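Engineer: Using the hints provided, position chain S relative to the given structure of chain G.
Here the protein sequences come in this chain order: G and S.
Read in our numbering, the first sequence has 54 at position 54, and its numbers run on one by one without any break.
Remember, our numbering sits 295 above the position in the second sequence when you count from 1.
Fair warning: there could be bad hints in the mix.
[Said to hold, decoys possible] With the C-beta cut set under 8 Å, the calculated list includes, among others, these residues of chain S facing chain G:
1) A324
2) L382
3) V450
4) M454
[Unchecked claim] Footprint (simulated), chain G over chain S, 3 or more residues, beta carbon under 8 Å:
5) 414-420
6) 569-579
[Unchecked claim] Derived EDC-like pairs: lysine to aspartate or glutamate, alpha-carbon spacing no greater than 20 Å straight-line:
7) S/K541 x S/D465
8) G/K246 x G/D92
9) G/K246 x S/D402
10) S/K541 x S/D387
11) S/K541 x G/E108
12) S/K541 x G/D28
13) G/K246 x G/E94
14) G/K46 x G/D226
15) G/K246 x S/E403
16) G/K246 x G/D170
17) S/K541 x G/D107
18) G/K246 x S/D323
19) G/K46 x G/E292
20) G/K46 x G/D281
21) S/K341 x S/D576
22) G/K5 x G/D222
23) G/K246 x G/D93
24) G/K279 x G/E10
Everything labelled a hint here was simulated from the structure, so no lab data went into it.
Please read these numbers as outputs of a predicted model, since none were measured by experiment.
The beta-carbon is built from N, C-alpha and C at its ideal position, and this holds for glycine as well.
If you want the building blocks of each chain, they are given just below.
There are 2 protein chains.
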Amino acid sequence: MSPLKTAMAEAAAAVDGMLDRLLPRPADAESRLAEAMRYAALGPGKRLRPFLVITGSRLFNVATTSALRVAAAVEMVHAYSLVHDDLPAMDDDEMRRGRPTVHVAFDEATAILAGDGLLTRAFEVLADPLTHSNPAVCCQLIAALADAAGARGMVGGQMIDLMAEHQRLDQAEITRLQMLKTGKLIGFSCEAGAILGRAPAQQRFALQAYAHDLGLAFQIADDLLDIAGDAGEMGKAASKDAAAGKATLVALIGPERARAHARLLARQAVQHLDSFDEKADLLRHLARFVVERRT
Amino acid sequence: MSPLKTAMAEAAAAVDGMLDRLLPRPADAESRLAEAMRYAALGPGKRLRPFLVITGSRLFNVATTSALRVAAAVEMVHAYSLVHDDLPAMDDDEMRRGRPTVHVAFDEATAILAGDGLLTRAFEVLADPLTHSNPAVCCQLIAALADAAGARGMVGGQMIDLMAEHQRLDQAEITRLQMLKTGKLIGFSCEAGAILGRAPAQQRFALQAYAHDLGLAFQIADDLLDIAGDAGEMGKAASKDAAAGKATLVALIGPERARAHARLLARQAVQHLDSFDEKADLLRHLARFVVERRT
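Next comes chain G alone, as it looks inside the complex (with noise of 0.2 Å):
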């Protein structure tokens, strides 16, 4: 396995370990709400957010149970919006990475209320002492957090991209609805290591901007693989989104501009860096690895 592929995984190990010890199963009436919100959070993934916060965290040599309890904080959050995006009046899909969602599995109330429960677990884990022990430092976490999750960014993508069904975007609104609803909360992902380790403004911004170019090529990989993908690979049904008339950039551009255009940014995200040492060469391999993966 290469560096970046070792280095993930063992960051997903960490960051499961982690989730499982912050979502316990009481054995009460509701535990039925707590199985649900660990299908949803300890399901097969990448667990992309967490290795960013883990590798962001390790550039200012945060404590590991700082990052790893705000890494397990973001893909509560990741998946809180997973499970919403699931249900039948939004996506409507019934098979996320080879199994049933969660409403499938359980049932649609169910559902709301286990995306309701990890985004209020994902504030409450942040806003703990052992998080940090600067209380400063939890509510900046907390403030990001919500800006990048909330009505001004991942929720507020989600609106713009179910309206965006019945109108046609131009590119520069494609670029914002994306930077809303995946880049805001990579952002954070990239950035929370710098608030942790109380790092100088200029190389917060220049994780900022890295997260900015890294995310929209993100996406942008993710909807090539959406029209590329068999659905067995994938573990959803391939080009559903693309029937289904979503915005995406390359539905607008298409497929060979729109890989040249991830390419790029790619590259721009890896100039961002320029200030940080080899310590920062995993941040580097990823941006190189999300454009050309295949799955």
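Structural biologist: Frame of chain G, contents of chain S only:
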């Protein structure tokens, strides 16, 4: 008007002003989301939880802005829970307080996202230094709100409530369900002033005890209104909960014994306030009012 009703009306107007400022209307592509969030949070309602935050904060001479911001955050969480509870997959309610519910006035997907956006915004408001200059206080508020609203609180209670349609709960189980579903958020509302004012633990415990009894009394009164009220007065279909076989104390022990129990709880609630001076009179009046109210 009685002093209590005047104070409740003033608190409602003040928190609505704060909600209006905290939930702006951006002219973006996603403005539909902001409109749905405002529709949910600024609709008609008693604003009981904001009243508790504001009145509790006065016991400890908390700054008005701090109290109003926390009051607005609690109301956002309450509003989000109603939006999600009303969804077709949950309680499937089309009317609330004389208006179409959010998924009827907008659509299901927008309602899910508006709820998500309100919950996220509530934590963002609490993490802001404008809420309290001491970030440790902000973190305590966030941790307490997350506990009250999450899987060990409101969301867990809603899960039990949904499952209770298929099984018969005894009195202890119903009491626990109601503690989780509505009691814990009312508890946070009563306790928030003590957190903001850094009050001694003993006073915080007294307010928690008051909230515990108030919350249960309030729930019984609500269930009594549900079987007694007619649809026009309540603004929703009366007896709907009873018809759905929902677990309530009223259904289990009968309206007469339930009303006597609610009055006992209200008297107990008042007793927990014995260590407070006349500043707590509004809270005392409220405990008596909730069990006698007719709407």
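Engineer: Run every hint past the structure and note whether it holds.
Structural biologist: For each hint, the structure was consulted:
Hint status for S/A324 relative to chain G: holds, with the closest Cβ pair at about 5 Å, below 8 Å. Interface restraint check: S/L382 against chain G, minimum CB-CB distance 7 Å, threshold 8 Å, status holds. About 5 Å separates the beta-carbon of S/V450 from the nearest beta-carbon of chain G, less than 8 Å, and the hint is met. This hint holds: S/M454 has a C-beta 4 Å from the nearest C-beta of chain G, less than the 8 Å allowed.
Residue count for the segment 414-420 of chain S with a Cβ under 8 Å from a Cβ of chain G: 5. That meets the three needed, and the coverage hint holds. Interface restraint, the segment 569-579 of chain S with chain G: violated (0 residues with C-beta to C-beta distance below 8 Å; minimum three). About 12 Å separates the Cα atoms of S/K541 and S/D465, which keeps this hinted pair within 20 Å; it holds. This hinted pair checks out: G/K246 and G/D92 have alpha carbons roughly 14 Å apart, not beyond 20 Å.
With a C-alpha separation of about 19 Å, the suggested pairing of G/K246 with S/D402 holds against the 20 Å cut-off. For the proposed pair S/K541 and S/D387, the alpha carbon gap of about 14 Å is at most 20 Å, so the pair holds. In summary, the hint linking S/K541 to G/E108 is supported, as the alpha carbons are separated by about 19 Å, within the 20 Å threshold. With a CA separation close to 19 Å, the supplied pair S/K541 and G/D28 stays within the 20 Å bound.
Note on G/K246 and G/E94: the hinted pairing holds, with a Cα-Cα distance of about 18 Å set against a maximum of 20 Å. A distance of roughly 16 Å separates the Cα atoms of G/K46 and G/D226; the hinted pair therefore holds under the 20 Å criterion. Of the pairs offered as hints, the one joining G/K246 and S/E403 holds, with about 19 Å between alpha carbons and a cut-off of 20 Å not exceeded. A threshold of 20 Å between alpha carbons decides the hint, and for G/K246 with G/D170 the separation of about 12 Å falls inside it, so the pair holds.
Distance hint between S/K541 and G/D107 is fulfilled; the C-alpha atoms sit about 19 Å from each other, no more than 20 Å. Between G/K246 and S/D323 the CA atoms are separated by roughly 19 Å; this keeps the pair inside 20 Å, and the hint holds. Between the alpha carbons of G/K46 and G/E292 the distance comes to roughly 15 Å, so the proposed pair stays at or under 20 Å and holds. With a C-alpha separation of about 19 Å, the suggested pairing of G/K46 with G/D281 holds against the 20 Å cut-off.
Straight-line distance between C-alpha atoms of S/K341 and S/D576 comes to about 19 Å, which keeps the hinted pair within the 20 Å bound. Pair hint G/K5 plus G/D222 holds up; C-alpha atoms about 18 Å apart against a cutoff of 20 Å. Restraint check for G/K246 and G/D93: satisfied, since their Cα atoms lie roughly 14 Å apart, inside the 20 Å limit. For the hint linking G/K279 to G/E10, the alpha-carbon distance of about 16 Å falls within 20 Å, and the restraint holds.
Of the hints listed earlier, the one the structure fails to meet is number 6.
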